[in-house]
Amino acid sequence: MPEKLLNITACTLSPLGDSAIVITFGNGMEYSIHKKIKLLMDLLEDEPFAGFIECVPAFTNLTVFYDPFVVYKDQKKSNDTEISPYEAVRSIMEMKLQDLKEIKEISHRTVSIPVCYGKEYGPDLEYVARYNDLTTDEVIHIHSTGEYLAYMIGFAPGFPFLGGMSEEIATPRRSSPRMTIPAGAVGIAGMQTGVYPISTPGGWQLIGQTPTKLFLPNVNPPSLLQAGDIVKFQPITDQEYKEMILKEGLQ
Amino acid sequence: MSLRVIKPGLLTSIQDLGRKGFQQHGVIVSGAMDGHSLRIANMLVGNEEGEAALEITLMGPTIKIEKNCLISITGGNLSPTIDNHAIPMWRPILVKNGSMLRFEGCKSGCRAYLTVAGGFAIPEVMESKSTYLRAGIGGFMGRALKADDVLEFNEPSKTLGDKAFNGSFSFPNWFVNEKEFMPGGKPLIRFIDGSQYESFTDSSKDSFVAGAFKVSNQSDRMGYRLSGPTLELKDNGELLSEAVTNGSVQVPPDGNPIILLADSQTTGGYPKMAQVITADLPSIAQVKPGESIQFSRVNLKEAEKLLLQKERQLKELQVSISLALNKWLDT
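Top to bottom, those sequences are chains A and B.
Okay, so the first sequence: first residue is 0 according to numbering that gives the first Met the number 0, each after it adds one.
Okay, so the second sequence: first residue is 0 according to numbering that gives the first Met the number 0, each after it adds one.
Extracted from the complex, chain B is given alone in its bound form:
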């Protein structure tokens, strides 16, 4: 026994950093929408950074913990509690067998990531533990979690020590500064020109950066549909299907852009206005349907610089967390 789902929440699924290497067979990448939060959640419990986590969307699940374990929760603040006490995010938490973990409501962001030391005992399908919801493979039986599902844990790589449980849980006094990873307010999403950027009219290019776009309710892990200024091509030539990817901004004939996200199909035939920079994909993942985003155009060099900076920052964080975690568990 390890973790029992009492209520599943809106959409809770197992995700890792994605199923890479099978796109030529039409198999999508999937994986966490907010990869940074998933990686940090794993670092906080001493896992490999790409280990599978629970991706929790807007309304969180109720979970009974059935074994002493070390967990962490990062990403959007969905108000986690244990036995009705609010618990902090962005730090490791030792949880006592029998405790009840709940999420009381969405305060900020859209998706939270729950990891457990050792990781979930989930078989890999095509080298990944991610759930590919549409094809019904990977993750926990190829689907989102349901009531009464029981998820087993693997043995943690670090011993959890003999920390006394005064109550249901305990945590250290240090934490990751979430402000560095969770932008507040209306997010500014940076993009570089899409493959067919030059095929759009000048006024469409202008309005793409001048206007705010609202994320429609028909948005999911596959893509966010946006409403705002409509975008037009100079002339309507047919495009043969070609590869698309996480962050591709496609414009169908109605002129309303769609940002393809983690569950993006592998190929598409609509013209691509923009490509959201990799460093900003986690920010989009935390935007809720109904909220607005603003786009800002950068060049490829700038996008690469931001990505390399983010990677270095995460590598440094990994080192600091690892030291602090060992110290805390040993004392």
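Extracted from the complex, chain A is given alone in its bound form:
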């Protein structure tokens, strides 16, 4: 008999305006919190309630968007009293939380992202090496042997917030941000690492470039990475990068 995953009094439920509810499980970047968020999200997507629109997972919480008018109409069918859509969704969430069961492991997909490090592909690689008293090869080795968990996708379509980078290569943001960072740039900012799916301005230290497209507007889902994925970076040569770019172009 699986145990209750959590005592529901351990999480907080609060409104985000009049059309969303936030379920918060803790206050840090922790795997145990991520697991609960993922389980609740899967449960809601498998068994959506009337008026459910979508969920957005983050580091410590899950935000659930709903249509208050649909919730109201659905609840009104079986109830004569005054109904608050938020209160109705809140009690649905409390029931769903009761249903969350402890499981030892949740499954994670592993996605390998090829990266051409350094030179014109990673103009800040040398800076990152110098900043951390390492050689560029050591930075590449540390970055590409790590395993990273995608806690959430946000900021831009397909942009992963990755946890688990080694402190040995942590480097502050550039003092002056670049006006444009190309799509596919792999960067470091403090303890974070990530990949820019579309071209944007930004202040991250760029160490490499991937030929892989992370945002795929005509594919469902449109993001290569999903919250819960394990990401590994695979070093590739110039030659391999160019061949892969050609292949991506043909697809």
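Hints in this document: simulated from the structure, not taken from any laboratory.
There's no promise every hint is true.
Some but not every residue of chain B turned toward chain A, in silico, with C-beta under 10 Å [to be verified]: (1) HIS24; (2) VAL26; (3) ASP192; (4) LYS314.
Even for Gly, the Cβ is constructed at its ideal location relative to N, Cα and C.
Please arrange chain B on chain A, whose structure you already have, making use of the hints.
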């Protein structure tokens, strides 16, 4: 041939009620800034209320109509004319092939919505026709309209009848009372507490409702930057990124609040002072840069009541318009 853009105006893009269901992938919702005006514009031409429309900002486009069609224009009054005759808003208008539609200047509001019976023949991307300008997808080739763009129409669900065109256009004598949907003067924007409301100092909470905030020129569909009293946190703790939404009022370290709007990013890391109630989001959409707004605090129950009232009002309007439109087209 259907509609040809002669001059694009300041920012004219295809928008519907937004791209829902893809935020967990970092894909923003987009959609009309003033959803009420878009819905009413669709009702007036017999479309589904969420059909895509042209969202026209401040300086409108010049458009050549290249097919007899039924259109309507709602939202901000940007002085629409057809062949140099002023045309009314908030009602259906039959327009003759070859007519020239212009917008002569902004009298009130900020954004107008132009719909055509049948809707624009625009493919859906991720279940929506909205233009996601930053990512270059959706709408008309993922971008704002440019000169020489040609937009085709779908066949209207209702036949447009054999109304004789005396001139370039004709319209019925009934209309939607815009006063119910377009607040005049300095708008009062109602909010409920944001997720980090309690983290702000008491004096910041007081000045948020006491002061007027000016909408800066660096404002767009993604968000309105406000200047006025600066807001301070009790202590500067770092916040991990989490979901934000249309109407979230974020406060970056400089203390000047930003209201996130239709093109809001999906997640953000700044503390949220307030959340504008859904019923008042269309009012913000009609505020021009340089104008001021005033905030008023309500509780969640009140916000829900206002939203449900607005929805009921729109549903009733839908029924009345549908009856009147059928009658007008049949006679």
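Against the structure, the hints come out as follows:
With a cut of 10 Å, the hint placing HIS24 of chain B at the interface with chain A holds, because the nearest CB-to-CB distance is about 4 Å. This hint holds: VAL26 of chain B has a C-beta 5 Å from the nearest C-beta of chain A, less than the 10 Å allowed. Hint on ASP192 of chain B holds. Least Cβ distance to chain A is approximately 9 Å, under the 10 Å limit. The criterion of a C-beta within 10 Å of any C-beta in chain A is met by LYS314 of chain B, whose closest approach is roughly 9 Å, and the hint holds.
Every hint, counting from the list given before, is met by this structure.
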